[in-house]
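Guided by the hints, dock chain B onto chain R, whose structure is given.
Going line by line, the protein sequences match chains R and B.
For the first sequence, my numbering gives the first residue as 41, with consecutive numbering after it.
For the second sequence, my numbering gives the first residue as 41, with consecutive numbering after it.
None of these hints come from the bench; they were simulated from the model.
Mixed in with the good hints there might be a few duds.
Same chains, same names: a pair is fine if it fits in one copy or spans any two.
Said to hold, decoys possible - The calculated DSS-like cross-link candidates involving lysine-lysine, where the alpha carbons are at most 25 Å apart (straight line), are:
1. Lys61 to Lys167
2. Lys77 to Lys173
3. Lys65 to Lys141
There are 2 protein chains.
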Amino acid sequence: MDCCFNYIGFVRRDDNSTSRKSIVKIEIKETYAEGLKDIEEFSHLIIIYHLHLADPNKDLKRIRGGVEVGVFATRSQHRPNSIGISVVELIKREGNVLYVKGINAFDGTPILDIKPYDEWDSVPNPKVPEWHKLNETI
Amino acid sequence: MDCCFNYIGFVRRDDNSTSRKSIVKIEIKETYAEGLKDIEEFSHLIIIYHLHLADPNKDLKRIRGGVEVGVFATRSQHRPNSIGISVVELIKREGNVLYVKGINAFDGTPILDIKPYDEWDSVPNPKVPEWHKLNETI
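Chain R with its partners taken away, still in its complex shape:
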């Protein structure tokens, strides 16, 4: 493998879902907690996580709207490198725990990085194909 990373924390949620509607806890390990200072001055964050339940060895094609498209043209969790990202609203911080809304990851998902969301991340009207809107996530 070309590069390796350590988990900095975990997703903690009570429901057994990946719903973006829930307020979910991101619990950062004490070792890294100091790195959160002043993060609450941002309204939104980018959470980068390890899709630890996904299969990185699936083929490179996915079916969307009946058509075969490439995995990099999808947000499928099964991709060569099992990295997931979600843009979330930061509700509040309590010490090493962030309360966020908008993450579509399971309870226990390991966190790799947290970045503040800024104007460079914001594209007003991104063009996406019709088949993407069907929201097939496999």
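Using the frame of chain R, we list chain B on its own:
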């Protein structure tokens, strides 16, 4: 280490900068090229890369606007897990090469993942603190 990944490609640019203004090539390895099929139907992408020149062992504080803030409240390249992301405009695809605008990574930066940018990634008016706008990147 908790998880490891393989490089799927590299940033190729002629200038010796990380300017977002340049049109830059993302060259994907032939092994993964099939995964790009139909990606050109999206206007924007999220490029996830390994900050291979960064120092992951720096402390967890950064100075912004004269104040000490946590590394996760910054886009500093020196962070516990050396993962970078850029939102880019996709200009065109030629086989296994993507021409993109908006990436602030050096020539030779290894690519970990590419995702299509969609409406979930788009936050209209993110709140960021004044010190973030000073754009100190250390």
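Status of each hint after checking the structure:
no.	hint	result
1	Lys61 to Lys167	both (24 Å within a copy, 20 Å between copies)
2	Lys77 to Lys173	between (37 Å within a copy, 17 Å between copies)
3	Lys65 to Lys141	within (9 Å within a copy, 34 Å between copies)
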